[in-house]
Amino acid sequence: MNPEDAFPGEPEAPPDLERWLARNRFRAPPPDWRAEILAQARSVPGAAPIEANRAAGDLSELEALLVGLRERLASAWTVVAVAWLIILTLNLYATPRPSSDTLRWPPLSEAALADLRAQQRMADPFSS
Amino acid sequence: MPTGDLGQLYDDHAASLFAFLLNLTRDLADTRDILQEVFRRLATRPGLLDGVRDERAFLLCLAHHVAIDLVRRQEARRRAHARFAEEVGEPMVLFAPSGDPDSATVQSAISRALGELPEEQRLVVQLKIWEGLTFDRIGQVLGVPLNTAASRYRYAMDKLRLRLRPLYDELQPLGGTTDEP
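Taken in sequence, the protein lines are chains A and B.
If you're matching positions, the first sequence starts at 1 in the numbering used here and goes up one per residue.
If you're matching positions, the second sequence starts at 129 in the numbering used here and goes up one per residue.
Keep in mind that the hints were calculated from the coordinates and are not lab data.
Keep in mind it's a predicted model, so treat the numbers as computed, not measured.
Backbone N, C-alpha and C fix where the C-beta goes; we use that ideal spot for every residue, glycine too.
Please note that a few of the clues may not be correct.
[To be verified] If you only want the chain A side, here are some residues facing chain B, beta carbon under 10 Å, derived:
id : residue
1  : R23
2  : R34
3  : S43
4  : V79
5  : P107
[Said to hold, decoys possible] Simulated DEER-style distance windows between Cβ atoms:
id : chain 1 : residue 1 : chain 2 : residue 2 : range
6  : B       : P273      : A       : A22       : 23 to 29 Å
7  : A       : P31       : B       : T276      : 50 to 56 Å
8  : B       : E247      : A       : R23       : 21 to 27 Å
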């Protein structure tokens, strides 16, 4: 790298540019915003006190991810849910239902009944 | 923080959120709307911060998502505003005013240079330099892998270096240090 192409000290001291930039502080929000924003936030129906639990927890990153997905893909989740319901409904209607005839046992013949009684006696010879 | 103190949350984080959103949207009204929405969600979802380890990063992430939704809805208006701002040649005032004329020149140049960066690079630069977040945390805030955040930062800094070097050199006293341009 040509030294003329870099800030003094680079590449050995690359943070120089960062430090130079960081010395410029961003402006603050207009002072009157605070009262307005907080008043509006608290006036929304369903607003409740924040129970900020600052305890460390591995759940935080997962929660951030889930919140992000929920916020970012809200419409996509709705579409997926609706599509799933449609598929479920179609599936229920398309599946052939068993008729009452197929559920009924065929009548046993006299011979079959006699065999069953004989087997029952053999299995339990002490019953009357 | 006392339970239920939304005001404390505002005092702790509003300045960072404001700077982040202003740099993102380059529009004061949009910034106001997004900030309002962030605090509305905080007020209506009491458990939102439960177990959150890094509140600042979490809120920046939330603000980014709200901004994406808003910007998506207002894309046309935003583009028109950006075109107008470009045409009239007045960059958005991002930095706190300073009495020093040199400082004002530097701030204006940095604002313009940041504005010329693609949005995704601009945000990474801000989160790294002004918020001091790690690339890992930046990735979480912006929803990109760590390596992507790092490479965006590298590209952005290369551009800023090229763009701001003349001014930087001009303000350097002969033989001066880089800390006092």
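Hints, one by one, checked against the model:
For R23/A, the shortest C-beta to C-beta distance to chain B is roughly 9 Å, which falls under 10 Å, so the interface hint holds. Hint status for R34/A: holds, given a least beta-carbon distance of 6 Å to chain B, under 10 Å. For S43/A, the interface hint holds, since its Cβ comes within 10 Å of a Cβ in chain B; the closest pair sits about 9 Å apart. Interface hint status for V79/A: violated, as the beta-carbon distance to the closest one in chain B is roughly 16 Å, over 10 Å.
At its closest, the beta carbon of P107/A sits 63 Å from a beta carbon of chain B; the interface hint therefore is violated under the 10 Å criterion. At roughly 25 Å, the beta carbons of P273/B and A22/A sit within the given window of 23 to 29 Å. One distance hint, 50 to 56 Å for the beta-carbon pair P31/A and T276/B, is violated here, with the actual separation near 37 Å. Checked against the hint of 21 to 27 Å, the C-beta distance between E247/B and R23/A comes to roughly 24 Å, which is consistent with it.
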